[in-house]
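Each chain sits in its own coordinate frame; assemble them with the hints.
Residue numbers (my numbering), protein chains in the order written: chain A, 1 to 245; chain B, 1 to 255.
Accuracy of the hints is not assured; some may be wrong.
[Stated by the list, open to error] Below are the BS3-like pairs computed for lysine-lysine, each with C-alpha atoms no more than 27 Å apart in a straight line:
hint, chain 1, residue 1, chain 2, residue 2
1, A, Lys123, B, Lys50
2, A, Lys214, A, Lys54
3, B, Lys248, A, Lys43
4, A, Lys218, A, Lys198
5, A, Lys129, A, Lys187
6, A, Lys83, B, Lys25
7, B, Lys25, A, Lys123
8, B, Lys246, A, Lys85
9, A, Lys43, B, Lys246
10, A, Lys80, B, Lys93
11, A, Lys80, B, Lys246
12, A, Lys43, A, Lys239
13, A, Lys123, B, Lys93
14, A, Lys196, B, Lys25
15, B, Lys21, A, Lys85
16, B, Lys93, A, Lys124
17, A, Lys85, A, Lys43
18, B, Lys93, A, Lys83
19, B, Lys248, A, Lys80
20, A, Lys129, B, Lys25
21, A, Lys129, B, Lys21
22, A, Lys54, B, Lys93
23, A, Lys124, B, Lys25
24, B, Lys93, A, Lys43
25, A, Lys83, A, Lys187
26, A, Lys85, B, Lys25
27, A, Lys83, B, Lys21
28, A, Lys196, A, Lys129
29, A, Lys239, A, Lys198
30, A, Lys124, B, Lys21
31, A, Lys123, B, Lys248
32, B, Lys93, A, Lys129
33, A, Lys187, A, Lys218
34, A, Lys228, A, Lys54
Derived from the structure by calculation, the hints contain no laboratory data. For clarity, every value in this text was computed on a predicted model and none was experimentally measured.
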Amino acid sequence: MTVIEFENVSKSYPLYHHIGSGIKDLIFHPYRALKLLKGKQYKAIENINFTIEKGEAAALIGRNGAGKSTSLGLVTGVIKPSKGKVTTVGRIASMLELGGGFHSELTGRENIIMNATLMGLRKKQVMEKLDSIIEFSELGDFIDEPIRVYSSGMLAKLGFSVISQVEPDILIIDEVLAVGDIAFQKKCIETIENFKAKGVTILFVSHNTSDVEKICDKVIWIENHNLKEIGPASQVIPKYHAQMV
Amino acid sequence: MKLTFGYLVDLISVITEKELKVRYKSSFLGYLWSMANPLLFAMIYYFIFKLVMRVQIPNYTLFLITALFPWQWFTSAVGNSLFSYIANAQIIKKNTFPRSIIPFCNTFMEFLHFLCTIPVIVVFLYVYGMSPSLSWLWGIPLIGLAQMILIFGLSLMLSSLNLFFRDLERFVPLILMLMFYCTPILYSADLIPKEYHWLITSNPMSVIILAWRDLFMHGVLHTADIITMYATAIPVLLLGTFVFNKLKFRFAEIL
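Just chain B, same shape as in the assembly (with noise of 0.2 Å):
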């Protein structure tokens, strides 16, 4: 089969609106529980933390939601991985088309869910007294390539594996919660004791949200966070798309 770029964006098109669709089959709401989610998390955190833990950070609800939102596109976006390839069992086993596409699909959409919340930071800019910056303009995409590119890697490696290691559907889920907590997203890095730094530095999260921070919040885009976050991303891309290459062809006899 020839692949062209335009073959290729028609397939990326094809399998982002099915899994769409099969995801809101029925739904009402639809995309909008993709907000339901964080938003409801950072309620919760702003009641323990602001209120009852009376955590001294100024603009604490902006604060969490400027961190969970991108938190949530990677938690799911992860996640989910994990069956990507389970879940479309039957078109791997009929069709030669380009596996890869598939955990890319999955990472693109939770990128499209994660681009709808940001109407929601920008209401909330405006309640807390502030406004978007023109930053934005090549921050989102900036950073939004790194996170896509760290996702895009994990996604690859996991999908295959979890093929042959079931495991992993239990292993990944308990990793991601302990990620959460080692990543500034409840509270600030500079709250964090100098022993304990080495948590936040060796998770590849840590740097990409605490710029989607400060690009959402201050409209600051620091050129060594960009770089350091590349890379990681783009080993890990690597690494992924060696795994997934080695397993590929035995896809179709496992499923």
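This is chain A alone, in the form it adopts within the complex (with noise of 0.2 Å):
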């Protein structure tokens, strides 16, 4: 069964800075500040498609500004496709930046709470996982400490140990796992392990390439907004390497 499919997608954002002198300029003048609005556009990813079947864990990988977080962002629905289609199934949890999602003033317990809900929890179910998450953190008493505190691997921690315990259909993550020890880099790579033997599709962007190589039965390389390659990962990691170099 296909979970994530794209179909000839497109994203460009037009340059919002350019309307940044906001009202005044559509006062004075109205016809260059509607043309800046529909004219200047990035393109971000230029007609890609692929698909990933349930149980399948993918990685993206690509130069940085390729277009790999667009793509995810695709994924998870918080931004739409200027043309095409991206077609999901089921609950998708992910990780898209650090501290995504969290609330600087919080403390991490209340983070958790909101978080989880905004994945799509109901507040029971939150409050029955709630230890089994702090647990997971391992950020000991740091848990009842506003999150603004923590440090960049802590923040990584909460947020993964959110992720891995509300049983999405699909995880994303986006290259955020590398700020963590590597104790916990390790335990991060073992759950999302379990999480594909279980069946759980995972969908990734990491720069690590052994890690991908270890897990990921599709590597899609994106470059310079394209699609370049799909395929097993022992076939476009040593290409992606040679071209890297």
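Structure, rendered in structure tokens:
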């Protein structure tokens, strides 16, 4: 069963800083302002097609700025494609950026409750899982401190502990685990493998190609906003390496 | 994501709780501060208009607070709504929950603050030898809902538009100040000369504020007022929903 499908997907962003002057511009140069609103576009990804089957683990690789994070954003549904169609099936849990989905003034515990609810869990379910989430996070007494005092590794732990316990159908992870310590990274990889064994679909961005080779069945290589190659890790990674160096 | 009513209730309670926590983090008196502002204003206006200018309105303190408290709800909710998406950028960029929940929770939280001020009104009623009336039981929900719809409509519109036109941050507080003086809060409606009456009638908050005052001070509720306030609040909500729906898919891009 296909759980993630990209059909001819393009995404372009208007360059919003052009409308920075806001109402003043709109009043004094209405034509120019409207033209800018429609005009300058930044193409983040162009005409991308791929499918990911249920239970597959796929990695997105490519240079910085190639369009990987935009693709992940499209899968989670926080942004809509400008052209084409993105279809997903099931509950998505995502970790798109460090501290994403958290409020810096709230404690770790309060953030877990908010974050898990936003991912679609009922409050009662969250309360049942709260202890196991906290245990997974290894944050100890810091769990009751506001997260603005957390280090980036601790933020990654908090974020990953929530998505590890919400029973997603699709798990999306952007390159954020790299900031955790080796032990935690290992634990995350194990968790991801457990998820995979349970039939959860995994899509992640990583620059750590040895992790990718270890976990992934499929690698999607995005180069310069376009799909460059798609295939098994053993086939795509060597070419990717060759081009990067 | 499937949306059930129960889940929406959970979402609203979690986000409202979060807003309250963020606002009163490390403050001892907590929500009591929300009363400080209108009470101080009432004191100042009482001094200026009753003691200095000698306005001939009976029970002037009560007259002031019965309008100032609901006004405070309106003005804080609308003023804060400008920032409701900006302040929640982190959760918008990550999750796909219904975005309208955020301005709703903002409206709802200010409503809770308003509810907390009602006991103060009761105390002042007794000070002036009056007492609450039974009609509050249906009057407060009826007017409250109308004001809620109006504020939510405005909030949906302003919170979305402010992401694209940050000028609103400067503009809206000015309009709110203008509206404050165009609403019969400090004065009674019949004191206004006939030729300026349109100032009051064109302002959607006037009818609501006057209805609150009638309800709190005299226990009366006019059907015509109720109809007027819903007739303005509902179109505002529809307009707000329209603007919001046009823009909502771009929130995550611009934040």
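These are the hints, each one checked on the structure:
Taking the CA atoms of lysine 123 of chain A and lysine 50 of chain B, the gap is near 51 Å; set against the 27 Å cutoff, the hint is violated. Between lysine 214 of chain A and lysine 54 of chain A the alpha-carbon distance is near 18 Å, which keeps this suggested pair within the 27 Å criterion. Only pairs whose Cα atoms come within 27 Å are accepted, and lysine 248 of chain B paired with lysine 43 of chain A is accepted, the gap being roughly 20 Å. Distance restraint check for lysine 218 of chain A and lysine 198 of chain A: the Cα-Cα separation of roughly 18 Å lies within the 27 Å cut-off, and the hinted pair is therefore satisfied.
Taking the CA atoms of lysine 129 of chain A and lysine 187 of chain A, the gap is about 19 Å. The hint holds against a cut of 27 Å. For the hint linking lysine 83 of chain A to lysine 25 of chain B, the alpha-carbon distance of about 44 Å lies beyond 27 Å, and the restraint is violated. Proximity of lysine 25 of chain B to lysine 123 of chain A is assessed by CA-CA distance (about 22 Å); at most 27 Å being required, the pair is judged to hold. Of the supplied pair hints, the one linking lysine 246 of chain B and lysine 85 of chain A holds, its CA atoms being roughly 19 Å apart against a limit of 27 Å.
In summary, the hint linking lysine 43 of chain A to lysine 246 of chain B is supported, as the alpha carbons are separated by about 22 Å, within the 27 Å threshold. With a C-alpha separation of about 12 Å, the suggested pairing of lysine 80 of chain A with lysine 93 of chain B holds against the 27 Å cut-off. Restraint check for lysine 80 of chain A and lysine 246 of chain B: satisfied, since their Cα atoms lie roughly 13 Å apart, inside the 27 Å limit. Note on lysine 43 of chain A and lysine 239 of chain A: the hinted pairing holds, with a Cα-Cα distance of about 25 Å set against a maximum of 27 Å.
At most 27 Å may separate the alpha-carbon atoms for a hinted pair to count; lysine 123 of chain A and lysine 93 of chain B meet this at roughly 22 Å. Of the supplied pair hints, the one linking lysine 196 of chain A and lysine 25 of chain B is violated, its CA atoms being roughly 40 Å apart against a limit of 27 Å. For the hint pairing lysine 21 of chain B with lysine 85 of chain A, the CA-to-CA distance comes to about 40 Å; that exceeds 27 Å, so the pair is violated. Between lysine 93 of chain B and lysine 124 of chain A the alpha-carbon distance is near 25 Å, which keeps this suggested pair within the 27 Å criterion.
Proposed proximity of lysine 85 of chain A and lysine 43 of chain A is supported: the alpha carbons are some 16 Å apart, at most 27 Å. Restraint check: the Cα-Cα separation between lysine 93 of chain B and lysine 83 of chain A comes to about 20 Å, which is no more than 27 Å; the hinted pair holds. Taking the CA atoms of lysine 248 of chain B and lysine 80 of chain A, the gap is about 10 Å. The hint holds against a cut of 27 Å. This hinted pair checks out: lysine 129 of chain A and lysine 25 of chain B have alpha carbons roughly 26 Å apart, not beyond 27 Å.
At roughly 22 Å between alpha-carbon atoms, lysine 129 of chain A and lysine 21 of chain B fall within 27 Å of each other, so this suggested pair holds. The suggested pairing of lysine 54 of chain A with lysine 93 of chain B holds, with an alpha-carbon distance near 25 Å, which does not exceed 27 Å. Under the criterion of a C-alpha separation no larger than 27 Å, the hint pairing lysine 124 of chain A with lysine 25 of chain B is consistent with the structure, at around 25 Å. For the suggested pair lysine 93 of chain B and lysine 43 of chain A, the alpha carbons sit about 19 Å apart, so the restraint of at most 27 Å is met.
At most 27 Å may separate the alpha-carbon atoms for a hinted pair to count; lysine 83 of chain A and lysine 187 of chain A exceed this at roughly 38 Å. Of the pairs offered as hints, the one joining lysine 85 of chain A and lysine 25 of chain B is violated, with about 43 Å between alpha carbons and a cut-off of 27 Å exceeded. Taking the CA atoms of lysine 83 of chain A and lysine 21 of chain B, the gap is near 41 Å; set against the 27 Å cutoff, the hint is violated. Under the criterion of a C-alpha separation no larger than 27 Å, the hint pairing lysine 196 of chain A with lysine 129 of chain A is consistent with the structure, at around 21 Å.
For the hint pairing lysine 239 of chain A with lysine 198 of chain A, the CA-to-CA distance comes to about 31 Å; that exceeds 27 Å, so the pair is violated. With a C-alpha separation of about 20 Å, the suggested pair lysine 124 of chain A and lysine 21 of chain B falls inside the 27 Å cut-off, and the hint holds. For a cut-off of 27 Å, the pair hint linking lysine 123 of chain A to lysine 248 of chain B stands: about 26 Å separates their Cα positions. Only pairs whose Cα atoms come within 27 Å are accepted, and lysine 93 of chain B paired with lysine 129 of chain A is accepted, the gap being roughly 24 Å.
Taking the CA atoms of lysine 187 of chain A and lysine 218 of chain A, the gap is near 22 Å; set against the 27 Å cutoff, the hint holds. Using a Cα cut-off of 27 Å, the hinted pair lysine 228 of chain A and lysine 54 of chain A holds, with the two alpha carbons roughly 23 Å apart.
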